[in-house]
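Trainee: Order-wise, the sequence lines are chains A and B.
If you read the first sequence in the numbering used here, its first letter stands for residue 1, the second for the next number, and so on.
If you read the second sequence in the numbering used here, its first letter stands for residue 1, the second for the next number, and so on.
Honestly, the hints are just simulated from the structure, not real lab data.
Here the structure is a predicted model, which is why all the values come from computation and not from measurement.
A short, non-exhaustive set of chain B residues, derived as facing chain A with CB atoms under 10 Å:
hint : residue
1    : T426
2    : Y429
3    : G434
4    : G447
No more than 30 Å apart at the CA atoms, straight line, and that leaves these computed lysine-lysine pairs for DSSO-like:
hint : chain 1 : residue 1 : chain 2 : residue 2
5    : B       : K418      : A       : K152
6    : B       : K441      : A       : K83
7    : B       : K441      : A       : K166
8    : B       : K441      : A       : K76
9    : A       : K128      : B       : K454
10   : B       : K421      : A       : K152
11   : B       : K421      : A       : K76
12   : B       : K441      : A       : K123
13   : A       : K123      : A       : K166
14   : A       : K152      : B       : K454
For each residue, glycine too, the CB sits at the ideal point set by N, CA and C.
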Amino acid sequence: MNNELIKIIDLYTSTTENKEILSGLNLTVNKGEVHVIMGPNGAGKSTLMNAIMGHPRYEVTAGRIEFEGEDITELKTDERARKGIFLSFQTPEEVPGITVEGMLKGARFAATGEPVRSIRFRKEMKEKLDILQFDESYATRYLNVGFSGGEKKKNEVFQMMMLNPKLAILDEIDSGLDVDAIRSVANGINNYMDEDKSLLIITHSNKLLDYVKPDFVHILMDGRIVKTGDASVAKEIIDNGFMEYKEVVDL
Amino acid sequence: MRRKAWLFNMDKKKTFVEDIDRSIYDIRNEDRYSYKSDKGLTRDIIIEISKQKNEPKWMLDFRLKSLETYENTALPTWGPNLDDLDMDNIVTYVKPDTKMKGTWEEIPSEIKDTFVKLGIPKAEHEYLAGVGAQYDSEVVYHSIKEELVKQGVIYSDMESAIRDYEDIVKEYFMKLVPPNDHKFVALHGAVWSGGSFVYVPEGVEVDIPLQSYFRSNSPGAGQFEHTLIIVEKGAKLHFIEGCSAPKYSVTNLHAGCVELYVKEDATLRYSTIENWSRNMMNLNTKRAVVDKNGSIEWISGSFGSKVSMLYPMSILKGEGARSEFTSITFAGKGQILDTGTKVVHSAPYTSSTINTKSISKGGGQAIYRGSVTVTPNAHHSKSTISCESLMMDDISVSDTIPVLDIMNDEVEIGHEAKIGKISDDTIFYLMSRGISEEEAKAMIVRGFAEPIAKELPLEYAVEMNNLIKLELEGSIG
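Next up, chain A with everything else stripped away, as it sits in the complex:
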């Protein structure tokens, strides 16, 4: 059986400002795999994430995205999410007046169409919050309002655990986190992962990679993947930077 979860085929995008950011990107993530994407600022990492999630400001001009064999290029963001794609944001939005729990119940209901049973849902939340060493009271606070940078990141992972997607895209989930917070976040991610699920991690450091072992590391430059390798590639980048690859692209 085909084990492909997401397949990005020769993808080109432009933003509303008409500046092309992805130019012929190819990437396949199979079930159970952990992929890491690294690249210098402006390489198109965030564009890739937004394009997968269907952000209206990022227009796909050529190529397509398949999820479990289905072309999802034209689907709206919420439809993609309900198919099992999750994006953790670098800077999560604040939504005053709506609690974390309220939003999650709404999302759960949207996914299942079934009324959400409060007591069971709370129990489930508590289990996940404990893994993240996140106080229960966060669930009753307004979504990201007054959260510190680290709390926002934890809250993203918490949402991922509750929504239990097939593919989780983590956009710099480790930036700005201290050692303890990294460990909690990694616990959450490892708790979520199993052989049917996949991770696509964008990172600049190896902090998270000490806990979450990647199967593949891709180097993204100028809107394309210029190199794919194993975990050693990440180490090499962190030690030496992207200069070597820049030269490759410039040629």
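On the provided structure of chain A, position chain B as indicated by the hints.
Mentor: Just chain B now, kept in the frame of chain A:
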């Protein structure tokens, strides 16, 4: 599908709320009445209304004098355009085809069913200490818990109050809002009908709210209910008012008047959710006067109507008097909701808080218009004003027109206004969690309104969220 939006706010009591029946507010009963005045406004019509009500002569004289004032007063020269209002075509008095009753069973089934669908008897049973229900021009149902009666609390319709408590009514009626205040209170003085009278004696604390509901059914009719509430020294009351009407193609007029007297150390919380149909001109006048260390708390939700002009006013007359005004306004397509509040600090150490939110959509106009006045003697007074507006699109309009008139240096005044458009990034964030675009917007608006919903009893918060949902879907015609 529609029930989706509903789940989130209900955690406190329930996890699931049933489908919204949008037709509830639009029940349009046959226009059945025992007496209906001719269209327009003449001396004869006023005399006939007074006769129908069997009023004392002083009230008839008051009405006729108000009519003169009305005729001699010009329309306001500011605010929304009122050209659609044609007084010659408004029926000022429609007496429903029933007498006032003390049990729902006695009320004609068609009228009773309307109130049942609006949830009034259920609310009465579950969490109210008394209920008044008005249908067109007259109150058809009234009740109050026996314990309150024993403590001397009076809650009745205005007509009964004139009969049974004539001295009190005569002392207070339209003294706070005199007919010469503006054209539409003059009109109110001439043709007022129905409404509520509440008297809470000294030291009595009414812990459970009283509620009056005003339902306008007759097409092309005006509703002019009068609410008079007196909360004596050290007493406490929460009064809730609800209004709605089905939609007709002809313009209806609502020109109610609310007078609230809050005595020394007394507290009155006055909550309203007005939900008018889109053919309604809502020109309502509300005013409170607060004595020493007394407190008025307004919670106000304005939905529907074609044009609304509503600026509840607090006069802080006694030292240490306080007012709090919390409101939400939702202006959809074709609507102009010009709302706000006025506060007059006329004694030392008085304080006021104004917290308003407005939402505009589909080209609707939501305007905050308010004023805070501090008189020369009102030293050490404080006022905090916060106005927030949320526009759902590029064609809607939001404006803030605050006026400050401060005649004393020893005061603290803070003013903050925020006008913004709903954020695409926030919508995307919520959609990335699997929530539909429509639902994401509803969630953001519900969150925006949450500080107001929080102030309402749960059932009303549910109703308000319900209305927001309906407005967002644009399904209220």
